[in-house]
Structure formats: structure tokens, C-alpha cells
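Enquirer: In case you want the letters, here they are:
4 protein chains.
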Amino acid sequence: MFRYVVRVRYGDTDQMGFAYYANYLHWFEIGRAEMMRSLGMSYRAIEESGIQLPVMEAHCRYLEPARYDDEVAIETGVAHLGRARVHFGYRIVRVSDGALLAHGGTEHCCLDRQGKPVRPPAHLVALVSQAPRASSPHSVSKKA
Amino acid sequence: MFRYVVRVRYGDTDQMGFAYYANYLHWFEIGRAEMMRSLGMSYRAIEESGIQLPVMEAHCRYLEPARYDDEVAIETGVAHLGRARVHFGYRIVRVSDGALLAHGGTEHCCLDRQGKPVRPPAHLVALVSQAPRASSPHSVSKKA
Amino acid sequence: MFRYVVRVRYGDTDQMGFAYYANYLHWFEIGRAEMMRSLGMSYRAIEESGIQLPVMEAHCRYLEPARYDDEVAIETGVAHLGRARVHFGYRIVRVSDGALLAHGGTEHCCLDRQGKPVRPPAHLVALVSQAPRASSPHSVSKKA
Amino acid sequence: MFRYVVRVRYGDTDQMGFAYYANYLHWFEIGRAEMMRSLGMSYRAIEESGIQLPVMEAHCRYLEPARYDDEVAIETGVAHLGRARVHFGYRIVRVSDGALLAHGGTEHCCLDRQGKPVRPPAHLVALVSQAPRASSPHSVSKKA
Chain Z
1 MFRYVVRVRY GDTDQMGFAY YANYLHWFEI GRAEMMRSLG MSYRAIEESG IQLPVMEAHC
61 RYLEPARYDD EVAIETGVAH LGRARVHFGY RIVRVSDGAL LAHGGTEHCC LDRQGKPVRP
121 PAHLVALVSQ APRASSPHSV SKKA
Chain P
1001 MFRYVVRVRY GDTDQMGFAY YANYLHWFEI GRAEMMRSLG MSYRAIEESG IQLPVMEAHC
1061 RYLEPARYDD EVAIETGVAH LGRARVHFGY RIVRVSDGAL LAHGGTEHCC LDRQGKPVRP
1121 PAHLVALVSQ APRASSPHSV SKKA
Chain S
2001 MFRYVVRVRY GDTDQMGFAY YANYLHWFEI GRAEMMRSLG MSYRAIEESG IQLPVMEAHC
2061 RYLEPARYDD EVAIETGVAH LGRARVHFGY RIVRVSDGAL LAHGGTEHCC LDRQGKPVRP
2121 PAHLVALVSQ APRASSPHSV SKKA
Chain G
3001 MFRYVVRVRY GDTDQMGFAY YANYLHWFEI GRAEMMRSLG MSYRAIEESG IQLPVMEAHC
3061 RYLEPARYDD EVAIETGVAH LGRARVHFGY RIVRVSDGAL LAHGGTEHCC LDRQGKPVRP
3121 PAHLVALVSQ APRASSPHSV SKKA
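Protein chains in written order, with the working numbering: chain Z, 1 to 144; chain P, 1001 to 1144; chain S, 2001 to 2144; chain G, 3001 to 3144.
One chain only, chain Z, in its complex shape (with noise of 0.2 angstroms):
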């Protein structure tokens, strides 16, 4: 999978001392948008060229925390890729030791300029084909 490190931010954590959950749909989002920049064509290029990508659904499941100051790696893959949609799945690793934080997934549709549901534009399905594979979620993780 796609391999990208962040940084637990002061403002991303709770008073539980944890990184709150919704933070983790954030880091979805920047795992996706660099694994697309990593293939050859930025998120922002893809909007520009008339095409976007709205999320139909998200789940997270959270095994450990995260905290303040933790690097953890946001690890993307595309786990299926239909013909009007595209599903893409994340796991959540701290660097510091391998440890499996939390998986998750979102699914995506296509929309033109006008907000009408499209299939997939040729350039798009090429790039996304081309991404790494979303492995099972409790695979081991390589480190860094």
C-alpha cells in the first residue's frame, strides 16, 4: 500500500489524551489524495478536469490510540474498483513501532461538473488501476 507519514497535531487530540475519531477520516482523505499524486495525477488535477470523487460511505475501526506527537503512517490502497465506483482502503500504523492503530475504508462515485453521477472517466480508470492494492487490514506492516 501506499505509504505516507503525518504527525498527531496538539488540536487533533481530546482530553482523553487521544487523537479524536473524526481526525482519522482527515488522514483517509491525505492518504488517498497522495497515493493519486504518487500515480501521476493530483486530486486538484482530477476536480480541474471535471471529475469528482464525493464519498458515499466511510468506516474506521480503532484499535489503539494515537497521541500527541506520534508519527503514524497512513497506508492507502484501492480495494475495489467498479464501474461507477471506486472503494479505497486505509490502515493507520504508528512508526515508531509497526503497531496497527486502525483500518478503515471509504467509497467514492463519480460526479461531472454538473453533479450527475458518471462512470469513470478512461485517464481515471487507468490511474486507479495502476494503485496499490488495499491489503487486509491486519496484515504485518512493513516500517519505514
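These are calculated hints, taken from the structure and not from any lab test.
There may be inaccurate statements among the hints.
Here chain S is said to cover these stretches of chain G; the calculated rule only asks that three of the stretch's residues, wherever they fall, bring their Cβ under 8 angstroms from a Cβ of chain S [to be verified]:
1) 3017 to 3024
2) 3054 to 3062
Over 12 angstroms on every C-beta distance to chain Z, these chain S residues come out as not near it, computed from the model [to be verified]:
3) Met2016
4) Tyr2043
5) Ile2051
6) Glu2057
7) Leu2063
8) Gly2098
9) Leu2100
10) His2123
11) Ser2135
A virtual CB, placed ideally from N, CA and C, is assigned to each residue, including glycine.
Fit chains P, S and G to the known structure of chain Z by using the hints.
Expert: Showing chains P, S and G alone in chain Z's frame:
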């Protein structure tokens, strides 16, 4: 289900003009906090009694976008009360026309002050047992 | 000043146990939006009429922390209405005891649909002219 | 000044298509945390040593908008080191063309574990004394 109305803030929107997907998890938090309060014990009081209910899993399905300044009703109920877990269900409904915008759920475990998993204490079980049931996500919402 | 009450959400807190400092700017946004609504025109309607009021400057002084589940009153008034700028003033007051937690201000310019600076249209000037004045930050707050 | 680059996330934007104004305070937090780390002691280590540096005041002037996926450099320096307070200064610079997007500052006091104001301990004074000075907000930014 228990109903609590909030407004979409400017800071909740993204450049698509919609409420960003992570904000729904903030709304779910508001929904369960206000439902607990309505049952007679705030989540703050639960934490002060020595119990934390961290989120183990969260999911959300997005059907229609929420827009800036929309009033959205957060409908919250208990979907399942197990020996060590509690599941909440949520529906996000646009107040102006009753449209179902999203539905989802969260699963929580019960930790003591030392962060050790424990069975929910009797007072918490009694409280949650009185909560409204989470209805099927697609059942008809009664408008306010 | 115009008064609007919100609660500190769990996701607003940080690991110090206080509302994170950036959240006060979200509260200021809520304060000015609800004050405009109370005057008869929502900020959404202002934007739909072709005018945007982006923030040019923001500041906040933090006196005492806001904690999870605290009710805080956002008090909003107009501090200055110039030919091309409007300044709002804010006070954040803890509802339980009337303590002043923070005070601050924002300065806004006026843009048309093309993003060009313009003088505020007459209907906006008329609206803002009726707004409560921002009182000195340290004046006594009347409890709800 | 110390320079650290981040990207504008989708979730940072609002429906104007710009980074929402409260996010700049998150960037300031990242800037001072990374500057402290570069000096040899992370803010996490400072907190673990028993000292907290809560924000007493924050301000930001917004000159040009930051847009989705823009790389922005957070430039951080110490503007003033008093007996009980430290002031940081910040500049937010668009990496692509070096444009100054915003500048601002924060003022912090020093608290011990009991939340009592204390003078900064010698190791913290020594650390902050080595920090780059905050230059005038409008001085020319050197591109990375």
C-alpha cells in the same frame, strides 16, 4: 430516536459547498451526548464517575449533501447493548424537508480510570436501557 | 451584544482538557452568523445576494479555559462600520457563572461575485447599522 | 525564521474555496512545535518535563487566500521572550511563488503541572533563546 438540531457552520463546508464528511462524526458525538443528557446523566458525569466510552468503530453512509446554514436533525438511538459494548445508531435529517442525508453507527467499549476494559456499571446499563432504540436507517423520519 | 449559547463538544477539547484555541474562531463565526440572522438576513442570504465578507484579521485573548460540556455564550456586536470594512467584537462567557473566558474581534472586507473588493451595498449597511454595538470586552456580562 | 511546509487539505477548505480562517491557528501550532523540535526539545518533551505553554493571545492577518492542495510554508520565530511570557511570530507563505498569504502571532504563558503560572525554567529559556527571531511580517521570504 432522540432528536437534536444543529446548523451546518461555514467552517464545516468544503470547496464542493457541502459539509465535509468527517463532520458527521462530530454530529454523532453531539447526538449521543445530548441523548445521554436527556436520559438524566451527561457524558461528562459518566466520565467523572470513572467510566470512559471510547469509540471502537464508526461508520457513515452519505446519501445527500448537507449545505451551509442547513438545519440538520441528529437522531440517535441505541442499536445494541452487549455485555461489554454499546452500539449507537444515527440518522442525519434535513429539517426543511425531512430528507435523510446520512445514517451511521458507532460502537463503544467501556474503560475504567486506568484504561482497562470493564463491564458497564449498573447505573450506566440502567441508563442506556431506557434509551430510544435506533430505528432502521431508512424508516420515515417525523419532522419537528 | 447579541447572545447565542453553544456547548463545548468533546472534539473541541485537547489533551490539556480545554477547548483548543482555534475553536474560538469557529464560535466567532457562529456569533456573527446568528447575529445577522437575528437582524433579518442570514449570512447565507447575503452570499446569495452576491456579497462575500471574508475575514481580513482575527484576534482572540484567552482569559480562562472552556471545558468539555460547558455552555458558553457567544456575545457579538459591531465594533466599527467603515466604508469598506466591518469589524465585529466578541465575548465568550461561561454560562454557569458569567465568567468572561475570552474576547476578540474580526475584520471583514466586502467582495462581489468576482472576488473584487466593493463597498458594502445599502441593504447590508442598513442591516449592520442596526446591530448591537460591541461593548468593551471587560464590561459586565448579564447572565441568561 | 524556521520553515516547515504543509499542504492545504480538502477538509481545510470552505465553500469559498479557501482555507478556513481557523486553520491558520492549527498551522501556527505546527510551526512552533516543529521549531521547538528543530532546537532539540519537542513540545511533547516540554509537557512531559512538567511545563505547559497555553496560548494567552492569538492574532492573524489574512492577505491572500490559500487554496486546496497549495503547499504553504509556515515560518516561525520568537518575537519576544519575557520573564513570564513568550511571543511567537508566524508568516504563511505560498511555496509556488513565495507570496505572503498571512502573518500573525501568539503569546504564551508558562504553567506548572498544577496549572499555576511559573517563570519558564532555565532549560526552556535556554532553548527559546536559540530560536530564530521573528522577522517583520512583510520582509522578503526566501523560497525553499
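Enquirer: Find the nearest Cβ of chain Z to the Cβ of Glu2057/S and say whether that gap is larger than 12 angstroms.
Expert: For Glu2057/S, whose nearest Cβ neighbour in chain Z is about 21 angstroms away, the distance exceeds 12 angstroms, so it holds.
Enquirer: Please verify that the nearest CB of chain Z lies beyond 12 angstroms from Ser2135/S's CB.
Expert: holds, 30 angstroms
Enquirer: At 12 angstroms, judged by beta carbons, does Met2016/S keep clear of chain Z as stated?
Expert: violated, 8 angstroms
Enquirer: Test the statement that Leu2100/S is away from the interface with chain Z: the closest C-beta pair must be farther apart than 12 angstroms.
Expert: holds, 22 angstroms
Enquirer: Does Gly2098/S clear chain Z by more than 12 angstroms, comparing its Cβ with all Cβ atoms of that chain?
Expert: holds, 24 angstroms
Enquirer: When you look at the beta carbon of Tyr2043/S, is every beta carbon of chain Z farther off than 12 angstroms?
Expert: Since the minimum Cβ distance to chain Z is about 23 angstroms, Tyr2043/S lies beyond 12 angstroms and the statement holds.
Enquirer: Can you confirm whether chain S covers the region 3017 to 3024 of chain G, using C-beta to C-beta distances below 8 angstroms and requiring at least three such residues?
Expert: With 4 residues in contact (Cβ-Cβ under 8 angstroms with chain S), the coverage given for the region 3017 to 3024 of chain G holds.
Enquirer: When I compare C-beta atoms, does the region 3054 to 3062 of chain G have three or more residues closer than 8 angstroms to chain S?
Expert: This one holds; 9 residues, not fewer than the three required, reach chain S with a Cβ under 8 angstroms.
Enquirer: Taking the minimum C-beta separation from Leu2063/S to chain Z, is that value above 12 angstroms?
Expert: Non-interface label on Leu2063/S holds, nearest chain Z Cβ at 20 angstroms vs cutoff 12 angstroms.
Enquirer: Is it correct that the beta-carbon of Ile2051/S has no partner in chain Z closer than or equal to 12 angstroms?
Expert: The claim holds: Ile2051/S sits with its nearest Cβ about 25 angstroms from chain Z, beyond 12 angstroms.
Enquirer: Regarding the assertion that His2123/S does not contact chain Z, is the least Cβ-Cβ distance greater than 12 angstroms?
Expert: Holds: least Cβ distance 30 angstroms, greater than 12 angstroms.
In the structure shown, a violation is registered for the earlier hint numbered 3 alone.
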